[in-house]
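Visitor: Since the structure of chain A is already known, use the hints to place chain B on it.
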Amino acid sequence: MRKGEFAKLIVIVAVIIGLFIAFVSPLAYSIRQGLDLQGGTHVVLEAEDTPEAPVNNDAMDRVTHIMEKRVNELGLTEPIIQRQGERRVIVELPGINDPDKAIQVIGKTAMLEFKDEAGNTVLTGTDLKDAKEQTDQRGQNLVALEFSDEGGEKFGKLTTENVGRRIAILLDGEVLTAPNVNEPILGGKAVITGSRTLEEAHNLAILLRSGALPVKVNIIETRTVGPTLGQDSKDKSEFAFTIGIGAVLIFMLLFYRLSGLVADISLMAYVLMLLAALKFLDATLTLPGVAGIILSIGMAVDANVLIFEHFKEEVLTGKTLRMAMSAGFKRAFTTIFDSNITTIIASIVLFMFGTGSIRGFAITLGLGVVLSMITAVSLTQYMLKLLIGANIFQNPFVFGAKSGDASGEVPQNV
Amino acid sequence: MSKNKKPVQKADPNEEYMKGRFDIVGRRKIWYLLSLCVIIPGIICMIVKGFNFGIDFTGGTIMEMRFDEPVAITSVRDVMKEYKLDSSTIQLSGADSSVTEATDVMIRTVDLEENERKAIMATLKDKLGNYSVLREEKVGATMGSELLLNALWATLLSWALIVAYVSMRFEFKFGLASVLALVHDVLVVLAVFSFLQKQIDSSFVAALLTIVGYSINDTIVIFDRIRENLKLHFRRGGDITALANRSIYQTLTRSIYTVCTVLFTTLALYFFGGDTTRDFSFALLVGFFSGCYSSIFIASPLWVTLRGAGESRKDAKAEEEIKTEKE
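These protein sequence lines map, in sequence, to chains A and B. Here my numbering is used: the first residue of the first sequence is 1, the next is one more, and so on. Here my numbering is used: the first residue of the second sequence is 415, the next is one more, and so on.
Chain B with its partners taken away, still in its complex shape:
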């Protein structure tokens, strides 16, 4: 549609505006393809490799302790072997940690009984020396599936409500395009977490829903401008692509400034917030980036595509009517 512009007598103000500017919406197939290049391998990866679910989802026990003296990962594993838990995940961290030795040790096992956990912790103290407990977590397996189900419902419900709201304030095609952009962002974040096998816990759900909130916010600002321009600068038969492009450019400064400020705060959280919030802020970083990208390169082009589909159906119908009239 963008390539074969209809001849118009008077210069379209939107086309005028776009002279010398990079045509974003016209190249929409490239952006769609680019996103699919992340999303399709991502979905394959989700199916093949799945996710690295934390104990919030799988159930299990986590013991994290800081030893007075650095301990070797092998000696921790030896202790776990005594309890037939040698498949447990053992991670070292903290100050002056190396690949094999550290003061901070995190052990993740299957869901243990209280007594068993206490026994293990006592043995660790006996064999490896004194420590202070940083964190202990025990989650039953049933909690996880509940959390997942709740998260799924929350996400779907928020999407439905957003479509409803945007359809009410704008029109359905805007609502659909904005939610498709949201789905895009959620899929991108899920893909990245599956690729990198980063851990997914309950705060990930919070991150995902924040991303939903941010992405929709970002998209609506551009749609709002399209809505305004439709009223002010659009005549029937005008170039819808140029209109969308113009709206994107008019809001571009704001899009970039805003993503910058949220990235500042999130980067600060990522670098200085400590281990406990690192995965959370990583999810947000990926999501905000994707959200900013999708509102510029995906949402508005999708709206043009959706509108185009509607228009061409109308056109075809109109042409048919003309034909039948002739006959």
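The shape of chain A in the complex, shown without the other chains:
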């Protein structure tokens, strides 16, 4: 029976250490990384009211949808497009090479107009069915347009009426090209020339395909982290993480001996659980998020320290190890509960009011506190019970306590 408990304990310890070594880094790397860690561009767009087009919910939904289309067609991996609040859209583009070009494509209203010589708008972007970039036989880069049935008719009429005159094709009020009409074009097709490169033609085609934004949109914030800096931050925070957690593990071992070892094991389990939870929630790990994790490790230790300190006190009053343990846990639990609830309150408030990376931080901190409470009161307790039950060590010293011959109060030992 005693041997059985000890064997159980050994198995648990071995499993947790094994899992920790095997999974901690693959798990950490499988969590989606924020732009500050892997490099990329973060753009915040804000819609502005204009007399012609006031901002409303429907318009914002369309803006978001158009953004998704544009970003997807740019061929960027794992973009995030999110509506935020009433009139903002956040676009995150990880691992992007040329952020300026992307920002340009994203921010354009892309209002296409065909005008006759008198300046009347005859067709708009809504009359288009498709747009594709091409290079013609002469090596000229162009965008081939295909009109809808109605658009084709309108275009046919425009070209018929304007033979020998100029028409203008404008994007957001700027003239893209102003060709001479030689003959009526009735096939519902046209081309826009004037792109310097095929890529420029490609981007223009994307804009035309995705359609015009229904409201005026301004870029109010852009943040780009280059891949060098991202990698640098990643390496450094990884190193800081290793050092920090290493110092805590050694500290616990030195001051609480065997109990400290138990605490270290549950700390490892805690780190794994936290990472798994973040992965499960599909959270994005940002730099403040990593800081939140590092911090929550410090706080996870606190629950163990509280338990051990209460345990030490109970041992000093002359209780047996087993009784001291359960009494210590009981008393520590209210303390842990009350003190952690207040931290959880703070992180919930942070989550509600924070944006972006602050939110990531709030999630890791809040989740960390909850999980640390769970591991401390279940796993640490269970392992200590097994350890005491195994009855191999009877000297309270190995559990971090002094032997119970003192006056009934904890001496000041620091």
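Calculated directly from the structure, the hints in this document are not laboratory data. Warning: the hint list may mix true and false statements.
With a straight-line Cα cutoff of 16 Å, these simulated EDC-like cross-link-like pairs (lysine to aspartate or glutamate) come out [claimed, not checked]: (1) A/LYS132 - A/GLU174; (2) A/LYS101 - B/GLU530; (3) A/LYS108 - B/GLU528; (4) A/LYS108 - A/ASP136.
Guide: Chain B in isolation, oriented as in the chain A frame:
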């Protein structure tokens, strides 16, 4: 109150415990004064010098690049002059950097238009040589005030909720004392950031709220012990100062161990986490230190003071009642 202890027939277990120990709560005026010595100059400094707000708050543009060859700060400034931006902040950092030359350059300007920023970056490439972009940030001025307002609301809301929770689980005086200790910690961190003119950005807000979380956590543990001792070892007319002292000493090991472990992790972040998290971890370091100090030297003494104020009012009332009875 601590100086003139009431004579009690039976030895107070708390006073017994405190024999030969340093009286923390009795010297509370010294601790209050010590904290005010940081906070009052801090508030003056906040008013006079203000804060060094980052572009998250002020709006602006940051360009950070790593040049292939070290460049001189003066030549960067010359380029900025062409765009009438010579008042911009230019910082050098990175490997083999000196006071005047470095490969890593950070330029902070007012909020620039996309085109203007691109033009500047092109000119820098032309005149100073090739570089790779480490970081580019552009924040509109409107975002900043929003962030500040949100942060303020978040802080006030979290305080109100904490007072409510602690009042519910303990009593109002505990709640008030713990939040006053929090305000103390927030003011200390703000004071230090104003003194040193360290940059305040959005992650600072996160740091501040973490400190709030930590400090309250730390304080509650001591209050929890006071609550327990009140039930177990306190008789009417006993010495409340000795009781608070005893509770502080009983939780002292835990207070120190815990602050040590969070300081380990934060110090690791400060020294090894790189430039991007340095100010963040600095704020945390100051905050944790202050939080640990305040839960021992400020929170519990404040509770004794608050309780004393309540008690003496009660006493005065009782005395008056006795007087009126006599008459």
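Visitor: If you check each hint against the structure, which ones fail?
Guide: 1, 4
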